[in-house]
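Student: So you can see what is in the structure, the chains are spelled out below.
There are 4 protein chains.
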Amino acid sequence: MLDFPEKLLKGYHVFMNTRLVQERERYKQLAYEGQKPETMVIACCDSRAAPETIFDTDPGEIFVMRNVANLVPPFHPDKEYHATSAALEFAVQSLKVKNIVVLGHARCGGIRSALDLDGKPLSSVDFIGKWMGLLTPAAEAVATNTLMTSSERQTALERISIRYSINNLRTFPWIKRREDQGKLALHGAWFDIATGELWIMDRRTGDFIRADD
Amino acid sequence: MLDFPEKLLKGYHVFMNTRLVQERERYKQLAYEGQKPETMVIACCDSRAAPETIFDTDPGEIFVMRNVANLVPPFHPDKEYHATSAALEFAVQSLKVKNIVVLGHARCGGIRSALDLDGKPLSSVDFIGKWMGLLTPAAEAVATNTLMTSSERQTALERISIRYSINNLRTFPWIKRREDQGKLALHGAWFDIATGELWIMDRRTGDFIRADD
Amino acid sequence: MLDFPEKLLKGYHVFMNTRLVQERERYKQLAYEGQKPETMVIACCDSRAAPETIFDTDPGEIFVMRNVANLVPPFHPDKEYHATSAALEFAVQSLKVKNIVVLGHARCGGIRSALDLDGKPLSSVDFIGKWMGLLTPAAEAVATNTLMTSSERQTALERISIRYSINNLRTFPWIKRREDQGKLALHGAWFDIATGELWIMDRRTGDFIRADD
Amino acid sequence: MLDFPEKLLKGYHVFMNTRLVQERERYKQLAYEGQKPETMVIACCDSRAAPETIFDTDPGEIFVMRNVANLVPPFHPDKEYHATSAALEFAVQSLKVKNIVVLGHARCGGIRSALDLDGKPLSSVDFIGKWMGLLTPAAEAVATNTLMTSSERQTALERISIRYSINNLRTFPWIKRREDQGKLALHGAWFDIATGELWIMDRRTGDFIRADD
Chain P
12 MLDFPEKLLK GYHVFMNTRL VQERERYKQL AYEGQKPETM VIACCDSRAA
62 PETIFDTDPG EIFVMRNVAN LVPPFHPDKE YHATSAALEF AVQSLKVKNI
112 VVLGHARCGG IRSALDLDGK PLSSVDFIGK WMGLLTPAAE AVATNTLMTS
162 SERQTALERI SIRYSINNLR TFPWIKRRED QGKLALHGAW FDIATGELWI
212 MDRRTGDFIR ADD
Chain L
12 MLDFPEKLLK GYHVFMNTRL VQERERYKQL AYEGQKPETM VIACCDSRAA
62 PETIFDTDPG EIFVMRNVAN LVPPFHPDKE YHATSAALEF AVQSLKVKNI
112 VVLGHARCGG IRSALDLDGK PLSSVDFIGK WMGLLTPAAE AVATNTLMTS
162 SERQTALERI SIRYSINNLR TFPWIKRRED QGKLALHGAW FDIATGELWI
212 MDRRTGDFIR ADD
Chain X
12 MLDFPEKLLK GYHVFMNTRL VQERERYKQL AYEGQKPETM VIACCDSRAA
62 PETIFDTDPG EIFVMRNVAN LVPPFHPDKE YHATSAALEF AVQSLKVKNI
112 VVLGHARCGG IRSALDLDGK PLSSVDFIGK WMGLLTPAAE AVATNTLMTS
162 SERQTALERI SIRYSINNLR TFPWIKRRED QGKLALHGAW FDIATGELWI
212 MDRRTGDFIR ADD
Chain W
12 MLDFPEKLLK GYHVFMNTRL VQERERYKQL AYEGQKPETM VIACCDSRAA
62 PETIFDTDPG EIFVMRNVAN LVPPFHPDKE YHATSAALEF AVQSLKVKNI
112 VVLGHARCGG IRSALDLDGK PLSSVDFIGK WMGLLTPAAE AVATNTLMTS
162 SERQTALERI SIRYSINNLR TFPWIKRRED QGKLALHGAW FDIATGELWI
212 MDRRTGDFIR ADD
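Chains as they are written, first to last, in the working numbering: chain P, 12 to 224; chain L, 12 to 224; chain X, 12 to 224; chain W, 12 to 224.
These are computed hints drawn from the structure, not numbers from a lab. Each hint should be verified, as a subset may be incorrect.
Copies of the same chain are indistinguishable here, so a pair counts whether it falls within one copy or spans any two.
Claimed, not checked - As a list, the in silico EDC-like pairs of lysine to aspartate or glutamate whose alpha-carbon atoms are at most 16 Å apart:
hint, residue 1, residue 2
1, K18, D67
2, K141, E34
3, K194, E91
4, K18, D137
5, K21, D223
6, K90, D137
7, K21, E49
8, K18, E190
9, K18, D69
10, K187, D89
11, K107, E49
12, K131, E91
13, K141, E151
14, K141, E49
Put together the whole structure using the sequences plus the hints.
Tutor: Structure representation (structure tokens):
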């Protein structure tokens, strides 16, 4: 109907006839009581790395911001609007989430473009270039190490960027404060699309360790 | 392990032992061939309105950007980084998606705060205020109409904001061009959390019509 | 007896009463007919990464050279004796092995010392420093990338060093010739001590891929 | 996969499904705590004389250097890299092993070539000739004794070379010192491939005595 993408409409009908049937009460309750997610997930737009799928979550469970390459820019108070900072402010100051998870993933197109130091911009304005420019110093440090394979450099920068975003989270005063008070924990994770494996960041060392080990 | 949120780890193990088992080949293929989603969904961070759940999608099917209130700011080329514009550029110019769906939903906290003209900011910087400020003219027009109930005003602005974002999409020259060429279609949808109903925007009139009617 | 290490003597008696009983004929045959291993393995001295254990090999199956960090120095014909080059010459020119496998491993002490650019030598002569000095250019490229964790740098250099050794194998004219003739194949592998996983090098890309994937 | 030698991959899968299953915890511990072998074994590359097999050792038990004919060159401090000396330095100065075992064996190809005074070199550079040249004075004394059979000459030189290597170990000042302090013991052993018998060197006399006598 209304030329809405056929595939999505079919999917919605599956949802309506299966999950919604079982969870109608839950949805009703979530509508009237409001959402109370304990965790915010910052994820990539990539179609292969949806946090709801990977974490098999129920409605109401995770508050999810998604942008290219799951980046958190540093705290930058000015007169402009900031999609990412606004989502963080809402999650932390209003919903008072207890966890923020930065979820990266393998074969990230944004990370790949950051490593392609001589790449052509996708448009004359080059929004992707400016966005991934947040990672430029890290990307240069990785891209110039030609002893690593391109795939190794990609994985390295994907993980560096997760740690970078977590560090940037701490530049937001109200995140830092809540973390210091033990009310908020910051986590990193990396999803390997090819194998479906989840790697969790060790918060002391920054290393990524397979979740099922 | 590593004090990662218990609930998410359990969910990941469910994913690993169920969906991943069935879709291992698909994930492998998606990894090696890259993602080729036909549709980009612009959705809200709200924990109750995940597009993958509502549209029952498979991995690789939809490219998903999520911010507070599923807003698309107008095309604004400057020296700053723009999370939303970067995601649009990647989806349209690199992935060449055929559809963009702006997916709003009922009881949106961002929309509520936009309507609350005297509300206190969540922080001294007021990132949410600036972000929802994109809707200020529309919000003022709706908020001052006291003949509508507060619930009607909320739904009204939710739908207005979807049309606003779709109009802003057309301010991006490469989106306008592809739409004019018939290569890209822009859609709106609104999810009613309380009932689980999906309302689709009629592209000619801008009205929202229940999907199962 | 004779104050030989007790543990080894006990182990020998286990061997004598179990494996040797089953394989006495094989040992006899191997003695009279000589060894005909099809594969040479270049491995590290590390006590946790014995190729016979990891590959569950039978007597006579693999010809094994082991030095610190499984390094192959470049072809360097002079008047000096060269342990590694001599072993290569024997394996390729006399035994005519069909495969050479460079087997690295996680948490390699030699690699760690190569990355420790300011480390103190173990002796005034610093044999380890000179030996690992073969990797100095690679070690510097990796060690200076402080955006990677120390564990990530370690893994990176372990894998770089395997590729380095394989490249050096090709500097030996009789290895290059046999490889070009399709009579000899050069392989890389990396053993993860913590998990027992073996990662195999993709010979086209140099990437390491888990053996059970 | 990836054309890695089939036999080794099969062997790895046996390892993975048997030994690794039983020793997973041990491997994990060895990874996180590091290796602490009490004994270094200097063995030959020969495919029939793997110390892990002969001594039925567990992972982490012995630090193993292997070169052609299990030779230790004399202490020779210069600007060059030395594979064998580096391994010794690491074992003694860093791991502080309590025992060094030089493990020779019957029918050693390296020893045979040392005795073949008129043999042709395997390559124009003759790496094996230079390496076995360490034994030339001993080889000449044995080779010219035509009253012994060729098999007796072979065994004689195999045992002489073990004592030669043990003497050379004492030319390393930090080995000599630790031996004098009673912190390090130097041992010899000889493995008879045809019978599977181990012969232990009597440290007072230098004689070899069957281990099970």
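Student: Does each hint fit the structure? Answer for all of them.
Tutor: Cross-check of the supplied hints:
1. K18 to D67: Close across copies (10 Å), not inside one copy (21 Å); limit 16 Å.
2. K141 to E34: neither (42 Å within a copy, 35 Å between copies)
3. K194 to E91: Answer is neither: 29 Å inside a copy and 32 Å across each miss the 16 Å cutoff.
4. K18 to D137: neither (31 Å within a copy, 39 Å between copies)
5. K21 to D223: Intra 34 Å, inter 11 Å, cutoff 16 Å: inter-copy only.
6. K90 to D137: So K90 and D137 pass the 16 Å test across copies only (10 Å; inside, 22 Å).
7. K21 to E49: Between. Shortest inter-copy distance 15 Å satisfies the 16 Å Cα cut-off; intra-copy 31 Å does not.
8. K18 to E190: neither (42 Å within a copy, 20 Å between copies)
9. K18 to D69: between (22 Å within a copy, 10 Å between copies)
10. K187 to D89: neither (19 Å within a copy, 30 Å between copies)
11. K107 to E49: Classified as within: same-chain Cα gap 8 Å, cross-chain 35 Å, threshold 16 Å.
12. K131 to E91: neither (28 Å within a copy, 19 Å between copies)
13. K141 to E151: Answer is within; shortest intra-copy Cα gap is 15 Å, inter-copy 30 Å.
14. K141 to E49: The answer is neither: 32 Å in one copy and 25 Å across copies each exceed 16 Å.
In this structure, the earlier hints numbered 2, 3, 4, 8, 10, 12, 14 are contradicted, and the remaining ones agree with it.
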